[in-house]
Each structure stands twice: as structure tokens, then as C-alpha cells.
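**Student:** Listed here are the chains, written in short residue letters.
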Amino acid sequence: MAAAVELRNITKRFPGVVANDGVDFEAAEGEVHALLGENGAGKSTLSNILTGLYHPDDGQIFLYGKPVAFSAPREALDAGIGMVHQHFRLVPPFTVAENVILGDHRGEGKRFLVHPRHIERRVAELGERYRIAVDPRARIWQLSLGEQQRVEILKALYREAKILILDEPTAVLTPQEADSLFETVRVMADEGRTVIFISHKLHEVKAVSDRVTILRDGKTIATVDTASATPRSLASLMVGRDVQAVERVAREFGTGDPVLDVVDLRATGDRGDEALRGVTLTLCGGEIVGIAGVAGNGQRELAETITGMRAPTAGRVSVGGRPLRGGDAREAIAAGVAHVPEDRLHTGVAPSLSIASNLVLKSYRGGRVARGPLLRLRAIREHAVALIRRYDVRGGGPEVPARQLSGGNLQKVVLAREFDGAPRVLVVASPTRGLDVSAIETVHRYIRQAAGGGVGVLLISEDLDEIQALADRIAVMYEGSIVAEFEAGTATVEEIGLLMAGGARE
Amino acid sequence: MIRIERRLEQPRWLAVAVPVGSLVAAFVVMTIVLLVTHHAPLHTFWRLIVTGFGSTFALNSTFVAATPLIFTGLCASVAFRMNLFNIGGEGQLYMGAILGAAAGIALGNHSGWLSVPAMIAAGLVGGAAFALIPGVLRAYLSTNEIIVSLMLNYVAALVIDYLIFDSLSYWRDTSTPSAKVFPQGKVLPDAATWPVLHVGGLELPLGLLLGLAVAVLVWVLYSRTKFGFEVRVIGDSPRAATYAGMRTRRKILAVMALSGAIAGLGGASQDGDFRHTLDPRGLTAAGYGYAGIVIAALARYNPFAVCLVAFLLGGLQNAGYALQGADFPSGLVGVLQGLILFCVLGGELLMRYRITLDRRSRSAEPAT
Numbered sequence: 000m001a002a003a004v005e006l007r008n009i010t011k012r013f014p015g016v017v018a019n020d021g022v023d024f025e026a027a028e029g030e031v032h033a034l035l036g037e038n039g040a041g042k043s044t045l046s047n048i049l050t051g052l053y054h055p056d057d058g059q060i061f062l063y064g065k066p067v068a069f070s071a072p073r074e075a076l077d078a079g080i081g082m083v084h085q086h087f088r089l090v091p092p093f094t095v096a097e098n099v100i101l102g103d104h105r106g107e108g109k110r111f112l113v114h115p116r117h118i119e120r121r122v123a124e125l126g127e128r129y130r131i132a133v134d135p136r137a138r139i140w141q142l143s144l145g146e147q148q149r150v151e152i153l154k155a156l157y158r159e160a161k162i163l164i165l166d167e168p169t170a171v172l173t174p175q176e177a178d179s180l181f182e183t184v185r186v187m188a189d190e191g192r193t194v195i196f197i198s199h200k201l202h203e204v205k206a207v208s209d210r211v212t213i214l215r216d217g218k219t220i221a222t223v224d225t226a227s228a229t230p231r232s233l234a235s236l237m238v239g240r241d242v243q244a245v246e247r248v249a250r251e252f253g254t255g256d257p258v259l260d261v262v263d264l265r266a267t268g269d270r271g272d273e274a275l276r277g278v279t280l281t282l283c284g285g286e287i288v289g290i291a292g293v294a295g296n297g298q299r300e301l302a303e304t305i306t307g308m309r310a311p312t313a314g315r316v317s318v319g320g321r322p323l324r325g326g327d328a329r330e331a332i333a334a335g336v337a338h339v340p341e342d343r344l345h346t347g348v349a350p351s352l353s354i355a356s357n358l359v360l361k362s363y364r365g366g367r368v369a370r371g372p373l374l375r376l377r378a379i380r381e382h383a384v385a386l387i388r389r390y391d392v393r394g395g396g397p398e399v400p401a402r403q404l405s406g407g408n409l410q411k412v413v414l415a416r417e418f419d420g421a422p423r424v425l426v427v428a429s430p431t432r433g434l435d436v437s438a439i440e441t442v443h444r445y446i447r448q449a450a451g452g453g454v455g456v457l458l459i460s461e462d463l464d465e466i467q468a469l470a471d472r473i474a475v476m477y478e479g480s481i482v483a484e485f486e487a488g489t490a491t492v493e494e495i496g497l498l499m500a501g502g503a504r505e
Numbered sequence: 000m001i002r003i004e005r006r007l008e009q010p011r012w013l014a015v016a017v018p019v020g021s022l023v024a025a026f027v028v029m030t031i032v033l034l035v036t037h038h039a040p041l042h043t044f045w046r047l048i049v050t051g052f053g054s055t056f057a058l059n060s061t062f063v064a065a066t067p068l069i070f071t072g073l074c075a076s077v078a079f080r081m082n083l084f085n086i087g088g089e090g091q092l093y094m095g096a097i098l099g100a101a102a103g104i105a106l107g108n109h110s111g112w113l114s115v116p117a118m119i120a121a122g123l124v125g126g127a128a129f130a131l132i133p134g135v136l137r138a139y140l141s142t143n144e145i146i147v148s149l150m151l152n153y154v155a156a157l158v159i160d161y162l163i164f165d166s167l168s169y170w171r172d173t174s175t176p177s178a179k180v181f182p183q184g185k186v187l188p189d190a191a192t193w194p195v196l197h198v199g200g201l202e203l204p205l206g207l208l209l210g211l212a213v214a215v216l217v218w219v220l221y222s223r224t225k226f227g228f229e230v231r232v233i234g235d236s237p238r239a240a241t242y243a244g245m246r247t248r249r250k251i252l253a254v255m256a257l258s259g260a261i262a263g264l265g266g267a268s269q270d271g272d273f274r275h276t277l278d279p280r281g282l283t284a285a286g287y288g289y290a291g292i293v294i295a296a297l298a299r300y301n302p303f304a305v306c307l308v309a310f311l312l313g314g315l316q317n318a319g320y321a322l323q324g325a326d327f328p329s330g331l332v333g334v335l336q337g338l339i340l341f342c343v344l345g346g347e348l349l350m351r352y353r354i355t356l357d358r359r360s361r362s363a364e365p366a367t
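Each protein sequence line maps, in turn, to chains A and B.
All letters in the first sequence, in the order written, are residues 0 to 505 by numbering that gives the first Met the number 0.
All letters in the second sequence, in the order written, are residues 0 to 367 by numbering that gives the first Met the number 0.
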């Protein structure tokens with residue numbers, strides 16, 4: 000039997016990099032095939048080639064034994080390839096049904112006048128069959144990220160995709176939601192569809208896939224049967240050396256005095272909703288407190304309000320016992336609050352400015368790098384050279400624009416700058432999202448070092464493994480409040496997952 | 000199949016190759032136009048260059064044409080650098096001209112050398128104040144500054160017309176019976192005539208020198224000071240600026256005021272250097288403010304490049320006047336000027352995108 004998808008010797012070059020270097024890949028009908036690799040290994044490029052977004056410079060694509068060449072994403076869609084992107088392609092003010100037919104030029108979407116009833120019924124049927132029911136008349140902005148992902152899957156099923164690519168689908172899900180997604184994936188595979196599951200989380204790959212193809216540096220490293228692989232063996236194939244799985248490292252910490260006091264903090268979100276509903280929290284020097292929660296439950300607003308980027312509507316933030324006025328990042332910086340923001344490319348740095356400029360983004364006002372109103376360009380450069388060396392930033396000298404750096408090196412620039420300010424409190428949000436295994440190790444090491452040096456660290460992350468590995472204390476956020484707080488190691492992942500989903504703890 | 004793709008990198012040689020290639024393309028198209036209209040292309044190009052830049056007289060005329068363009072070009076680039084789209088250079092220049100003329104008339108001939116600095120100050124204040132209207136609205140009410148500043152251009156044009164044509168204002172000459180019938184502005188006193196620097200045969204108006212000085216100041220401000228650093232960060236990523244604790248609102252006000260002040264100074268220079276009266280017809284017909292936006296874009300907001308582009312465009316304009324005559328209609332001059340601008344602006348596309356031939360046929364060959 001011919002494979003559902005076969006890619007032979009796919010090569011794709013971008014200026015300065017070979018993203019795919021003679022990649023071979025093959026997935027059968029009815030198979031869940033995981034594509035595993037670090038960031039930059041070429042997974043996204045490969046899926047973009049398969050969905051017609053990019054043209055390969057070399058190599059061939061076969062669908063069910065026939066060679067195909069897509070010149071536009073629409074052709075791939077018509078050939079039965081559907082993709083659920085990591086960042087959803089949905090129109091927030093539209094309903095679920097409207098989003099489902101968006102861009103569908105063959106069926107219902109082709110008509111000038113659409114019949115919403117008809118589509119809604121079909122969407123409801125599909126939802127039932129694959130256990131991913133969502134209200135077809137709901138508007139996208141009303142849905143949680145997990146539900147939005149279901150809409151994306153429904154969209155592909157509605158177009159009768161026979162091959163479905165899921166790009167890091169669990170990044171936005173709670174453990175329970177992820178489990179239910181895995182069931183849906185199984186149902187689809189049992190019907191004879193092919194599911195390509197892109198991930199860099201080993202336990203997921205183990206849980207859901209039949210076979211795994213590992214990519215590294217744009218090349219196919221191996222294709223193995225999942226049953227015969229262990230997380231350890233997959234990890235070493237992925238990284239190319241032995242790695243330690245993320246594990247909790249016992250840290251010697253003497254918890255110091257409270258450095259951050261948050262009392263009954265309330266704030267409004269971007270949509271005008273009440274994003275923070277009375278958060279109270281204490282953080283001591285040398286302590287790492289993890290804030291767990293599904294994205295969109297007020298974590299971003301909490302980070303922004305503590306660091307002065309967002310004005311609180313009520314409540315108080317004090318650093319070292321001194322209350323802040325709030326809503327003023329400069330005041331928070333002066334009080335010693337460092338911030339590693341979630342969106343490192345557009346918030347953490349000014350992307351078009353040089354690395355050197357970005358390293359003084361907060362310290363340009365005084366000290367060694369400025370004299371009166373003038374900047375001391377040489378001092379800024381020397382400062383950059385020193386920090387680039389100390390934090391091992393690779394990929395460019397001081398004059399290179401920040402946006403040219405890879406995610407891991409960009410994060411090192413942000414960390415270097417924030418640690419350089421000798422902070423008392425460090426607020427880190429999703430510090431390793433999108434980073435590869437070795438960059439994650441580095442970032443975790445820096446965070447531990449900071450705590451070891453007496454800084455109070457507030458770690459906000461959707462990655463429970465990360466929180467489990469780093470935090471001394473864990474607080475769970477749900478709908479703008481902290482619903483539970485406990486010492487690390489006293490709750491299981493399942494319990495935390497339940498709390499994240501709004502379930503009460505017994 | 001031809002495809003247009005976004006460039007992932009901009010190689011350095013492109014920054015030279017694209018403008019040069021665009022000019023060559025412009026001259027090729029112009030050759031066709033000239034041949035079709037039975038004019039000798041080479042002769043015309045030669046005259047274009049000679050009458051624009053080829054003699055002391057030509058250069059002096061080009062300086063006159065380039066001076067206001069330097070101010071409006073700098074006005075636009077100062078604001079655009081921060082992604083603040085002040086389209087109102089036109090109106091801000093009028094306001095500078097109105098206040099500048101008022102200062103010149105008010106001081107008369109009694110205050111000696113004080114007239115010129117007073118006019119400069121009045122021009123700066125007039126432009127800055129007018130630019131602060133869209134600035135304040137943007138900073139405190141998040142109004143779109145493009146629309147507000149654009150609409151205020153029409154307001155300013157109506158105001159300047161009103162002062163001379165529809166009212167017996169302070170600026171209007173009412174001293175003679177004929178001036179009452181044919182409205183015109185008061186002629187500025189001699190003390191309000193700005194000095195000219197003579198270098199050899201070249202005549203450098205004070206406005207030109209001020210414009211060059213402003214360009215240097217802007218360059219220092221934007222590349223060497225904390226203020227400029229903040230402007231660059233805000234222009235690149237407003238969220239990063241908020242994150243770093245920068246006061247974005249104040250910067251919006253400061254940059255709008257600076258941008259308007261530069262245009263206003265250009266207006267005062269029109270009064271003092273060239274027109275010696277408040278001249279609504281001449282100013283509104285010239286459209287310096289809008290030309291400044293094009294200049295800023297061509298110069299990629301670099302202040303020195305603004306001066307250079309303004310000089311070239313001024314020469315082109317000036318050559319246009321000299322070229323037109325019985326055998327060469329002014330419409331054709333406009334076509335030639337338009338072609339050069341069109342090709343140069345069109346060439347910008349090549350900086351950011353590249354055009355490739357689809358090589359699908361090759362990759363579809365069977366692999367061996």
C-alpha cells in the first residue's frame with residue numbers, strides 16, 4: 000500500500016540557512032505520525048512545504064503514490080491536507096460556522112448566499128462524532144483557546160482533510176484538554192485519516208503517536224516505532240547528545256525577607272473585562288514562586304500590573320515594603336523589579352534596534368552609558384560586548400538588529416539586561432516558550448542562579464513541567480484569582496491540571 | 000510565472016543599485032516620451048542638467064527652490080522616525096509664515112538686527128503650536144494624527160487666504176487704493192529681509208544655512224542623545240518603550256512640536272528670504288509640505304539625505320522652469336519630473352521585495 004504522504008529529499012534554503020536539507024518523511028493511512036525536533040530543526044518549514052505555503056528548492060511530494068506540486072496553499076487544501084497552526088487562523092468576531100466555511104471555495108462557502116443553518120448542523124454533527132463539540136453559533140472571541148483549537152480541527156474535517164497536521168497543539172491546553180485531544184486524534188486515525196503531530200514534548204509523542212520521525216538541523220535523523228522508543232532515547236536523537244530530562248533540582252535556598260507584596264490586586268484586561276480579581280501574593284528573596292494556569296486567566300495582566308506596564312484598578316504592589324504608585328514601569332524598574340516578558344520580540348526588545356541598544360533599553364537614562372542628555376556610544380558598545388560574552392549570546396555582535404537573533408539568544412539578551420540591573424524581584428513570563436532543549440536548560444540555569452543570589456522570582460508559565468522543575472511554591476490562577484497555593488511537590492500534575500481548569504481541590 | 004516575494008534580507012549593494020537603476024529606468028522612459036513628442040532626448044537631458052546645476056546662476060536658483068524642501072523634508076522625517084505620521088507640514092509652514100510675517104511687520108525698521116531672530120522665533124512657535132493640535136489629540140485621545148494633520152492643512156490654507164483676500168487683516172496691504180481692489184500682503188520692512196551669504200558667485204540664503212544646521216542638529220539629536228534613543232525605541236516598538244518605562248505621550252508632544260517648528264521655520268524663511276510679504280497664492284501653489292513627505296521617504300528619514308534629495312529635486316524643479324518655452328510645453332516638463340519621481344519611488348519596491356521566476360517546472364522533474 001502506498002503511503003498517504005511521502006516527502007523525498009526535500010530541500011529548502013533561506014538566505015544563510017538550509018531549513019530542510021534532503022528531508023525524507025513518510026506517513027501511512029490511519030497513522031498518527033509524530034514529527035519531533037528542537038526549534039529550528041525544520042519542522043515548521045516542512046509542514047509549510049506540505050501545505051503549499053513554501054516551494055521546495057528540491058525534492059518531491061507524493062500523495063497516495065502520486066507526485067504533486069503545490070503552487071498555493073489552496074491547492075494543498077483541495078488535495079486534502081489540513082493544518083492546525085500553533086497560532087490560530089480564525090476571525091474573532093465571526094461565529095464558529097462562519098469561520099469553518101471561510102476560504103472554502105468548493106462547498107457551502109462558494110455560494111453567494113450562505114445557509115447558516117445547514118453549516119451549523121454539519122459542524123454540530125462533526126463535533127459530536129469527533130468529541131470536539133463547540134456551539135456553532137458562538138463567536139470565536141467568546142471561546143477559550145482549547146475551544147478555538149477545536150474549531151480549527153473542525154475546519155479541516157469540514158473540508159474533508161485526509162491528512163491533518165497539528166503544530167504543537169497542546170501548548171495552549173490543560174493536561175485534561177490535551178488528553179481529550181489525544182482521543183480525538185485516535186478517532187480520526189481509526190477512520191483512516193493521517194495525523195501528523197508536531198511536538199517537542201516527549202511524553203506527548205509517546206502517548207499519542209504510532210511512529211516518530213526526528214528532525215535535527217534540517218535533516219531526517221531517524222524514524223522509529225513509538226512503542227520501541229523511550230523518552231530518553233528520543234531526547235538524545237533530538238538533541239544529538241545525552242540530555243537530562245527536565246527534573247527538579249534540589250536547591251539550597253535560604254528564604255529571605257519578603258521582597259514583593261501584592262495585596263488584593265485588581266486590573267482591567269485589554270478587552271475591558273476584569274482580568275485580575277483580587278490577587279494576593281507574597282514573594283520572598285531567594286524564592287521561586289510558580290504561577291500555573293491556562294493562558295488567558297490573568298497571568299499576563301498580573302505580570303504587567305506588578306511591573307508597572309498596566310495600572311491597577313484597586314489593590315497594592317509593594318517592593319521591599321515600599322508601595323508603588325502603579326501603572327509606571329519606570330517606577331517599578333527603579334524599585335528593582337526586573338521583567339522578562341512573554342512576548343520577547345515586541346515587548347522585551349525593540350526588534351529593529353541593535354543588540355547593544357537593547358541591552359541598555361532600561362539603563363540608558365544614567366550611569367555609565369549617558370552623560371547629561373548625550374549617550375556615550377563607546378560605553379554602550381563595551382557594555383554590550385561584555386554582556387554578550389558573559390551570557391554567551393550567539394548570532395551577532397553588538398550592532399546586529401535584535402530581530403535577527405534566534406529565540407534562545409534573544410532570550411539571553413533579555414535576561415542579560417534584566418539581571419544586569421541588579422534586581423530584587425524578577426517577574427518571568429513563559430521564559431522558555433518556543434525554545435529548544437539546550438536553550439531551556441540555559442534559561443533555567445540563569446533563573447536558578449538569580450534565586451540563589453537572593454532575588455525573588457515570580458515564574459509565570461503554562462508549562463507545568465517547567466513550574467514543577469523550578470518553583471519552590473506553586474500558585475494556580477483561574478479566572479483572575481489565585482485558586483490554590485501549595486509547596487512544590489505536594490500536588491500531582493493531575494491535581495494542578497484540575498485546578499487550572501477551574502475544579503476545586505479537595 | 001512571475002512571483003513577488005518579500006525580501007528576507009536587504010543586501011547592502013541594493014541601497015546603491017536600486018536608486019541608480021531607477022534613475023536609469025526613468026531616463027529610458029523619458030527618452031521614449033521625448034522621441035514620441037519629437038524632441039531630441041540627449042539635448043533635453045543636457046539642458047535639464049545644465050539649467051538645474053550647470054552654472055552659478057542655475058545653482059543659485061536651485062538653492063532657492065531647495066530651501067523650503069529641506070525644511071518640510073526634515074519636518075516629515077523627524078516625525079516619521081517615530082512612526083508619527085505628521086502630514087501637516089504644509090499647514091505648519093503656512094502658520095510659520097503667518098507668524099513670521101507678523102513679527103517682521105511689527106518690529107518695522109526700528110529694531111535693527113532683532114527683526115531676523117524674532118521672525119525665526121515666530122516661525123518656530125507658529126509651526127510648533129499648529130502641530131501640537133494633532134499631537135495633543137494623538138497623545139491624550141489616541142486620535143489618528145494622519146487625518147487630523149492633513150485636515151488642518153486645509154484649515155491653514157483657508158486661514159492664510161482669509162488674511163489677505165477676505166479681510167482687512169494686519170497682514171494685508173491697505174495703503175493704496177489699488178491694493179484695496181487687488182488684495183496683497185504688506186511688503187515687509189527692510190530690516191526683515193534675511194541676509195545672504197556670498198561665496199564666490201554663489202548666494203546662500205540664510206534659510207538654506209539654517210536648514211542645513213537643523214539637519215545636523217536633528218542627526219545629533221536622533222543618533223547621540225537619550226531623547227533620540229527613546230524616539231527610536233517608540234518608533235520601533237511602542238510596547239517595548241512602555242516596558243522600558245519611557246514616557247511615550249511626552250515624546251509624541253515633543254516630536255510633533257519639533258516637526259512643526261521645523262516646517263514653521265521654513266515658512267518664516269519664505270517671508271524673510273524670498274517673498275518679503277505674506278504670499279498665500281505662492282505658498283499654496285507650491286505645495287512644499289507635500290513634496291517634503293516624498294523627500295523624507297526617498298531619503299529614508301536620514302536628515303543629510305533629506306538635504307541632498309531636496310537639492311536634487313529643487314534643481315529638477317528649477318530646470319523645469321528654464322526648460323519650458325514655445326517648443327517645450329510645461330506639461331511635458333511635468334511629465335519628466337513625474338517620471339523621475341515615479342521610477343525612484345517604484346524602485347523602493349525592489350528594496351523590500353524581489354521578483355522571481357517560478358521554477359516549478361524544474362523541481363517537477365523526476366528525481367533520480
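Don't read these hints as lab results, they were simulated from the structure.
Careful, some of the hints might be misleading.
Said to hold, decoys possible - When the alpha-carbon atoms are kept at most 20 Å apart in a straight line, the in silico EDC-like pairs for lysine to aspartate or glutamate are as follows: (1) A:Lys-161 to A:Glu-330; (2) B:Lys-225 to A:Glu-398; (3) A:Lys-161 to A:Asp-134; (4) B:Lys-250 to A:Glu-190.
Claimed, not checked - With beta-carbon atoms standing in for the labels, derived distance ranges: (5) A:Asp-216 to B:Ala-212: 28 to 38 Å; (6) A:Pro-91 to B:Arg-238: 55 to 65 Å; (7) A:Ser-232 to B:Met-350: 27 to 37 Å; (8) B:Glu-4 to A:Asp-263: 34 to 44 Å; (9) B:Arg-238 to A:Asp-216: 48 to 58 Å; (10) A:Ala-221 to B:Thr-224: 48 to 58 Å; (11) A:Gly-29 to B:Leu-348: 21 to 31 Å; (12) B:Arg-238 to A:Val-262: 48 to 58 Å.
What the hints assert, rightly or not - Rough simulated footprint, nothing fancy, chain B against chain A, three-plus residues with beta-carbon under 8 Å: (13) 124–133; (14) 278–289; (15) 366–375.
C-beta atoms are modelled at their ideal positions from N, C-alpha and C, and glycine is treated no differently.
**Student:** All hints, please: hold or fail.
**Tutor:** Checked hints:
1. Of the pairs offered as hints, the one joining Lys-161 (chain A) and Glu-330 (chain A) is violated, with about 55 Å between alpha carbons and a cut-off of 20 Å exceeded.
2. For a cut-off of 20 Å, the pair hint linking Lys-225 (chain B) to Glu-398 (chain A) stands: about 18 Å separates their Cα positions.
3. Distance restraint check for Lys-161 (chain A) and Asp-134 (chain A): the Cα-Cα separation of roughly 24 Å exceeds the 20 Å cut-off, and the hinted pair is therefore not satisfied.
4. Between the alpha carbons of Lys-250 (chain B) and Glu-190 (chain A) the distance comes to roughly 60 Å, so the proposed pair goes past 20 Å and is violated.
5. Separated by about 55 Å at the C-beta atoms, Asp-216 (chain A) and Ala-212 (chain B) break the suggested range of 28 to 38 Å.
6. Hint check: Pro-91 (chain A) to Arg-238 (chain B), Cβ distance near 20 Å, so the stated range 55 to 65 Å is violated.
7. Between Ser-232 (chain A) and Met-350 (chain B) the beta carbon distance is about 49 Å. The supplied range of 27 to 37 Å is therefore violated.
8. About 53 Å separates the C-beta atoms of Glu-4 (chain B) and Asp-263 (chain A), a value inconsistent with the hinted range of 34 to 44 Å.
9. For Arg-238 (chain B) and Asp-216 (chain A), the Cβ-Cβ distance of about 33 Å falls outside the hinted range of 48 to 58 Å, so the restraint is violated.
10. Distance hint check: the CB atoms of Ala-221 (chain A) and Thr-224 (chain B) are about 56 Å apart, consistent with the given range 48 to 58 Å.
11. In this structure, Gly-29 (chain A) and Leu-348 (chain B) break the distance hint of 21 to 31 Å, their C-beta atoms being roughly 48 Å apart.
12. Between Arg-238 (chain B) and Val-262 (chain A) the Cβ separation comes to about 27 Å, which falls outside the hinted range of 48 to 58 Å.
13. Only residues whose C-beta sits within less than 8 Å of a C-beta in chain B count toward coverage, and the segment 124–133 of chain A has 0 of them, not enough to reach three; the restraint is violated.
14. Closer than 8 Å: that is the beta-carbon criterion, and the segment 278–289 of chain A has 0 residues meeting it against chain B, so the requirement of 3 is violated.
15. For a cut-off of 8 Å, the count of residues in the segment 366–375 of chain A with a CB near a CB of chain B stands at 4, and the three-residue condition holds.
Hint compliance for this structure: hints 1, 3, 4, 5, 6, 7, 8, 9, 11, 12, 13, 14 are not met, and every other hint is.
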